[in-house]
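K.L.:
Chain by chain, the residues run as shown.
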Amino acid sequence: MTQYVHERAKNGHVGAGSGIVDVDVHPVPRSAEEIKARMPMPWRDRYQGERRAFFNNPVHGTRLDSKPADGPAGSDPDLLRAQLIDEYGVSCAILISRTFCNIHPDPDYGIAIAGAFNEWLADTWLSEHNADGVFKGSITIAQQDPAAAVEEISRWASNPHFIQVTMDSGARIPFGQRYYYPIYEACERFGLPLSIHPGTEGMGINHQPTPGYPTHYIEWHCAMSLSFQAHLISLLTEGVFERFPGLKVVFVEGGVAWLAPLMWRLDSYWKALRAEIPWVRRPPSEYLFEHVRLGTQPLERPDNDAHFAQLLEMMDGERLLMFSSDYPHWDFDSPKRAFPHLSDRVRERIFSGNARDFYGLT
Amino acid sequence: VVSHVVAPAVELPPGTRRIIEVEGRSIGVFNVDGRYYALRNACPHQGAPLCLGSIGGTMVESRPGEYRWEREGEILRCPWHGWEFDLTDGKSVFNPHRTRVRSYQVSVRSPEHADPSVETFPVSVEAGVVVVDI
Numbered sequence: 001m002t003q004y005v006h007e008r009a010k011n012g013h014v015g016a017g018s019g020i021v022d023v024d025v026h027p028v029p030r031s032a033e034e035i036k037a038r039m040p041m042p043w044r045d046r047y048q049g050e051r052r053a054f055f056n057n058p059v060h061g062t063r064l065d066s067k068p069a070d071g072p073a074g075s076d077p078d079l080l081r082a083q084l085i086d087e088y089g090v091s092c093a094i095l096i097s098r099t100f101c102n103i104h105p106d107p108d109y110g111i112a113i114a115g116a117f118n119e120w121l122a123d124t125w126l127s128e129h130n131a132d133g134v135f136k137g138s139i140t141i142a143q144q145d146p147a148a149a150v151e152e153i154s155r156w157a158s159n160p161h162f163i164q165v166t167m168d169s170g171a172r173i174p175f176g177q178r179y180y181y182p183i184y185e186a187c188e189r190f191g192l193p194l195s196i197h198p199g200t201e202g203m204g205i206n207h208q209p210t211p212g213y214p215t216h217y218i219e220w221h222c223a224m225s226l227s228f229q230a231h232l233i234s235l236l237t238e239g240v241f242e243r244f245p246g247l248k249v250v251f252v253e254g255g256v257a258w259l260a261p262l263m264w265r266l267d268s269y270w271k272a273l274r275a276e277i278p279w280v281r282r283p284p285s286e287y288l289f290e291h292v293r294l295g296t297q298p299l300e301r302p303d304n305d306a307h308f309a310q311l312l313e314m315m316d317g318e319r320l321l322m323f324s325s326d327y328p329h330w331d332f333d334s335p336k337r338a339f340p341h342l343s344d345r346v347r348e349r350i351f352s353g354n355a356r357d358f359y360g361l362t
Numbered sequence: 001v002v003s004h005v006v007a008p009a010v011e012l013p014p015g016t017r018r019i020i021e022v023e024g025r026s027i028g029v030f031n032v033d034g035r036y037y038a039l040r041n042a043c044p045h046q047g048a049p050l051c052l053g054s055i056g057g058t059m060v061e062s063r064p065g066e067y068r069w070e071r072e073g074e075i076l077r078c079p080w081h082g083w084e085f086d087l088t089d090g091k092s093v094f095n096p097h098r099t100r101v102r103s104y105q106v107s108v109r110s111p112e113h114a115d116p117s118v119e120t121f122p123v124s125v126e127a128g129v130v131v132v133d134i
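Residue numbers (my numbering), protein chains in the order written: chain A, 1 to 362; chain B, 1 to 134.
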């Protein structure tokens, strides 16, 4: 991994203490007004804080105890600090805004939403609520317009509190395709990893990665790792990591248990079909280990803990996994309770070391 | 090393191959454009009759989006799963150091220099015989 630690990281300006690194935490504006205020016309008039239209959790989408008196869940930095940072000894929370900007048919609208959220995050959680630097941010991009996404990345890349780029796995074409390359080039150039987060599959202009639409939230939610698998296969087979050897990708919020069989399958087919993709010079899993990490949440938890240990061993989870809680969402993984017992060494890697290496946190 | 006569050279012209049984082993002997190769007829993957596979070239390693077709006539593809093997030495293309199939020396000799073999063929002195050394 060392050769991929980027220059920003080497400079060591990204402080993160020595506690847990949580790679998927969701800050939320207190109201749509905070976003509207950072939008130019005509978007300021149009934006209503709209969320995705379907597959909302029928029980509750966020932890009920995470809702402050004066706003939605995840909107109060002090409450989040109490429930996550202080409660579990998190020394670095990587914030990912849920903007849903990539569902819109109008790319200009998506760009405006992404830009406003980035400005809001920079103005609030990453500065006025961030005296100790515990919060690190993700530059949200609207992948409807890769050139504009590159501009947005350039706009924030010099802010030391933005430590990655994020885009949603809801998409119209797989992520290995050349349409996206300007984005990857920018990530590589600025030394910013790319975090891929699900949630807009089947929404707006994006395909649903099942044969047609599922009926229920439980089906849709369970199937979110399907788009991750499709994107990962695409990234590996299209040779994206040969084109952009400095690019690093993390998939968050799609679980982890699907990875090992996919890796075996891809390596196995590559032996027969490598001539079709001659730029993939080595077994695809080698690129995976060098360039890709997975956030752990929502962690699959077999009834038998021994099976979980086998799972970790099969995918070299000690090396590939980075803890994520998904606070304040309903399927939050507690740093204390989500995992079965881990050895001190494995626990250190998954809860801290892997993310510190990946992001160059000091 | 024991030499076995495979066939009169005229019976193994360019573009043909012959599967022979020698000492209980199945071996494929190929004539590709006048060059002779012999490989064990068993894929190290799952035991397929490797020497029934197609012969061609391959896309050698390249940069993304670049296509370089090389080694025409030197790559044998397993008829089952399509693994590629180098006809010249039996090494797999995807992992030549670890995955390989046994290869054998083949030559054309005049009949009188060929050792008496398990199989003999009526041959003319002028034509020579194809001999595989096991």
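Quick caveat, the hints were computed from the structure, so don't treat them as lab data.
Hints may contain errors.
[Unchecked claim] Some chain B residues judged to face chain A by a derived CB distance under 7 Å, without partners named:
#1 T58
#2 W83
#3 D86
#4 T88
#5 F94
#6 P96
[What the hints assert, rightly or not] Partial list, computed: chain A residues near chain B (C-beta under 7 Å):
#7 R30
#8 D65
#9 K67
#10 P77
#11 R81
#12 G239
#13 K271
#14 A272
#15 P278
#16 W279
All C-beta atoms in this analysis are idealised placements derived from N, C-alpha and C, irrespective of residue type, glycine included.
K.L.:
Each hint should be assessed against the structure and marked as holding or not.
P.N.:
The hints, checked one at a time:
1. Given the 7 Å rule on beta carbons, the hint for B:T58 holds: about 5 Å separates it from the nearest Cβ of chain A.
2. At about 6 Å, the closest approach between the beta carbon of B:W83 and any beta carbon in chain A falls short of 7 Å, and the interface hint on this residue holds.
3. Of the supplied interface hints, the one on B:D86 is violated, with its beta-carbon coming no nearer than about 13 Å to a beta-carbon of chain A, more than 7 Å.
4. The beta carbon of B:T88 comes no nearer than 17 Å to any beta carbon in chain A, farther than 7 Å, and the hint placing it at the interface is violated.
5. A distance limit of 7 Å between C-beta atoms decides the matter here; for B:F94 the minimum to chain A is near 5 Å, and the interface restraint holds.
6. Proximity of B:P96 to chain A is violated relative to the hint, the smallest CB-CB distance being about 12 Å (cut-off 7 Å).
7. Given hint, A:R30 at the interface with chain B, is violated; its Cβ is 45 Å from that chain's nearest Cβ, farther than 7 Å.
8. For A:D65, the interface hint is violated, the least distance from its beta-carbon to any beta-carbon of chain B being 49 Å, above 7 Å.
9. Using the Cβ-Cβ criterion of 7 Å, the hint placing A:K67 at the interface with chain B is not satisfied: the shortest such distance is roughly 47 Å.
10. Checking A:P77 against chain B: minimum C-beta separation of about 43 Å lies over 7 Å; hint violated.
11. Of the supplied interface hints, the one on A:R81 is violated, with its beta-carbon coming no nearer than about 44 Å to a beta-carbon of chain B, more than 7 Å.
12. Because the closest C-beta pair between A:G239 and chain B is about 4 Å apart, less than 7 Å, the hint holds.
13. For A:K271, the shortest C-beta to C-beta distance to chain B is roughly 5 Å, which falls under 7 Å, so the interface hint holds.
14. Residue-level restraint check for A:A272 holds (minimum Cβ-Cβ distance to chain B is 4 Å; threshold 7 Å).
15. Restraint check, A:P278 versus chain B: the minimum CB separation of about 4 Å is within 7 Å; hint holds.
16. With its C-beta approaching chain B no nearer than about 4 Å, A:W279 sits inside the 7 Å limit, and its interface hint holds.
Hint check: violations occur at hints 3, 4, 6, 7, 8, 9, 10, 11; the rest are consistent with the structure.
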